[in-house]
Amino acid sequence: MRQIITKRLSMLVLVLLGVTLITFFLSHVIPGDPARMMVGQRASEETLQEVRRQLGLDQPVWVQYFTYMQGLLAGDFGNSIRTQQPVVDDLIKFFPATLELALTAFIIAIVIGIPIGILSAVKKDTGWDHAGRFFSIAGISTPVFWSGLIGILVFYKFFDLLPSSGRMDLTVTPPPTITGLYLFDSLVTGNWAAFGNSLWHLALPACTLAFAQLAIVTRQVRASMLEVLGQEYIRTALANGIHGPVLLFRYALRNALIPTITVVGLSFGSLLGGAVVTETIFSWPGMGKYVVESIAFLDFPAIMGFTFVISFGYVIINLLVDLTYYALDPQIKE
Amino acid sequence: MKRRWSSLFTSSLLVLSLMVSACSSAPANQSQGENKPAENKPAEAAKPASSTTPADTLFVGITADQGTLDPAVTFDNGAWKITYPTYQRLVEYDGGTTEVKPGLAKEWKVSEDGLTWTFTLAEGNKFSDGTPVTAEAVKFTFDRTLKIKKGPADVYSVIKEVKVDSPTSVTFVLSKNFPPFLSTLAANYGGIVNPKVMEKEQSGDLGQNFLANNTMGSGPYQLTEWRKGEYIKLTLNPNSTVKPALQNIFFKIIPDATAQRLQLEQGEIDIAEGVPNEQLKALKELPTVDVLQKPSLFVDYIYVNSTKGNPALQNPKVRQALSYAIDYDALTESVQEGYATQMRGPIPKGLWGYDESAPQYKRDVEKAKALLAEAGASNLTIDLLYSDNKAWWETEALALQAFFSDIGVKLNLKKIAYATSRELIDKGEFDLAMGVWSPDFGDPYMFMNYWFDSVNFGLAGNRAFYKNDKVDELVRKAASINDKAEREKLYKEAQLITIDEAPYLYLYQKDFLLPVSKSVKGFVYNPMLEGIYNLAEMSK
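Protein sequences appear in the order of chains V and Z.
Reminder that position 213 of the first sequence reads as 213 in our numbering, one-by-one numbering, no gaps.
Reminder that position 190 of the second sequence reads as 190 in our numbering, one-by-one numbering, no gaps.
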């Protein structure tokens, strides 16, 4: 176990190094001048050069990269060109919102997706199976901007049940920041008003995002279950008089979950990165919006910071996926 | 066994439907009993009842969050929305006009040669922390802007010195006569900053970091809360002499147009800035919403690279041919739903200097073809550069492509990232490029000198890289004298030349359109302050 972790952690350093290198050089070969974006179109050439110097943009790219990495090692992501704030501060502000949205959507997708997957597998080729598959395929093939708007129309406009934007009402004070996840923070501090309010705001965007992810979970669970159910040990178990939930959950599902975890784990990574559209529709103040605005502004430090956090997240998720493998089936070694 | 299976399905189905119901109406989860203390409180207390926002609070839906709010740095209309009501200027734009009226200064005089401007401050104005606004503060503000040397400093580069004569009198010494000077003081970057900002200085930034996220002015409002990505909240400046009706202003960030429209319909916001033209007709029908429509000074035009692009474009006849190829009415109809007016020349209608008798291009395919033949430009292929910065540019590009193909000119559409397009425009690496322009202060200088003076090549304003010695002479002279009638004459002469030589394709000036709840009263649209609200005079 420890071996796996050490090995993976050293891999993590390599991966992140590669990611920063590629992103940095890619974003610097795009023509466009962030200094110009910053000083405005009518600033004098002299001012422009001065700002370039301040930002270090007058240095060769590899020097800039080196300086950037030096800062990064000290935990400094540099200052955003657009907001002129330290990128770390911006990320700390926006990342928890995205994480909270993605996590909730992830949980909803799993909690709904696994039962549907099992149902589809066990009732293969019946009406149940078709209905389950139809539901999940509908999710993945409906664009988020569409299902999101339909959700808003139905639950906000027609029934006036759920809010259409933001993480919380303007009149509600957010809980003190511990993790930045409103649900968690308000729960820990016992702030029930804030908890209810943020949950209420989270419902629509999280369900929209979960709906889009559902198919990944159900299809994987269904396929693995079918495979597992066809295996000899299941037949043996059946012959030994083991059936029903015991067979299904203790014997079959446990094995079916192993490949599911990989797929689902990775899908969480894409949830994090792919919440952009959902965040736009629901005015969710997360990283997605932040990075889109940053890209339009050629805000290198912000783009780098975002990429770094997302790739870090991916690598960590991968590690967790592997560790779960190991926990589920100790026979799997590295 | 069959029965067992089915009982499992039924139970998992039950779980499933529970999950779905829990997720589709989250407050209902309180009824599951686990969160007893909460009960219905958050849902009911916090939920804004349909179409009743408090009468002393204004909710404005905006489309994006803001960058820096420092008046000495920002050049962004979006940020000015926040800074304009939170700072005061020496002079202010008067109601809906481009003329100025007294602001912090109750009176002023200018020397005969136009080089010294002396302002007498009105008494009683205070910054939001109670510090009185003095001549020192005025001097501090302009010195600071010039030291910071970002965008706005360029506008004030004409200031040689700011002198404090007494606590209520301040004199600006200019290095040359600059007739639009008074008008520039009414623009956002003329906002007077509390000198106490220096207490917030970090590593020599003159308080830039602090003012990026805070306001320190003497306007009727101050910024009190900014939840990034969510909203910006203004409340009253307790020390202001003005007592506005609106106590709180929320600028709510709602990027999605449809979401914004729905919130306006539901009465959750009072003003929706981000609703595209094609949805306005539906909003107009609502009993609760008015759609304001006024001509703006915001123009949409095409830079024709007259010296650095395709050599054929260096011939004025080719540029005229392109101008004659466009069906202006069809263009405004398809691109702006008709909410726009064709330009007559560089200066838009509504700004002094506009020439109603100037010739205007109309679609004339035969004439355009003849001009091309005269210029010997057959089988012409040119590129059009644009970005996704404006949503309508794509449609506009396709329309232009069709118009030009009618006169035998092939137009290649080159759509690239916004930041990249700016770089290429700055360097002159394009044939045609799309652009928009709106003036910062109410003077034709904003159009004529920026667009045509050959010292302004590139992003600075002369994006057509147009050079004509006569025009240079005319606009420079117009910018050096104070006699308004004489200036107007010079600008009109320069306009006639630049319309004829067509370094730009003068497309249209947009209408200012704003869906506003009928409950909002007192909003005055000023074309110089597009997107900025006279909050202190508004009510609900």
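Worth flagging that the hints you see were computed from the coordinates, not collected in a lab.
Check the hints yourself; a few may be wrong.
[Unchecked claim] Distance condition first, Cα-Cα at most 27 Å in a straight line; then the derived BS3-like pairs of lysine-lysine:
id, chain 1, residue 1, chain 2, residue 2
1, Z, K281, V, K157
2, V, K157, Z, K540
3, V, K157, Z, K484
4, Z, K281, V, K93
5, V, K157, Z, K233
6, V, K93, Z, K540
7, Z, K160, Z, K521
8, Z, K200, V, K157
Note that the structure is predicted; figures quoted are calculated from it, not measured.
Tested hints:
1. Between the alpha carbons of K281 (chain Z) and K157 (chain V) the distance comes to roughly 19 Å, so the proposed pair stays at or under 27 Å and holds.
2. Note on K157 (chain V) and K540 (chain Z): the hinted pairing holds, with a Cα-Cα distance of about 23 Å set against a maximum of 27 Å.
3. Distance check on the hinted pair: K157 (chain V) and K484 (chain Z) sit about 54 Å apart at the alpha-carbon level, beyond 27 Å; violated.
4. For a cut-off of 27 Å, the pair hint linking K281 (chain Z) to K93 (chain V) is broken: about 38 Å separates their Cα positions.
5. Restraint check for K157 (chain V) and K233 (chain Z): the C-alpha separation of about 25 Å stays at or below 27 Å, so the hint holds.
6. Simply put, K93 (chain V) and K540 (chain Z) have alpha-carbon atoms about 34 Å apart, too far for the 27 Å limit, and the pair is violated.
7. Among the hinted pairs, K160 (chain Z) with K521 (chain Z) is inconsistent with the structure: their alpha-carbon atoms are about 43 Å apart, more than 27 Å.
8. At most 27 Å may separate the alpha-carbon atoms for a hinted pair to count; K200 (chain Z) and K157 (chain V) exceed this at roughly 45 Å.
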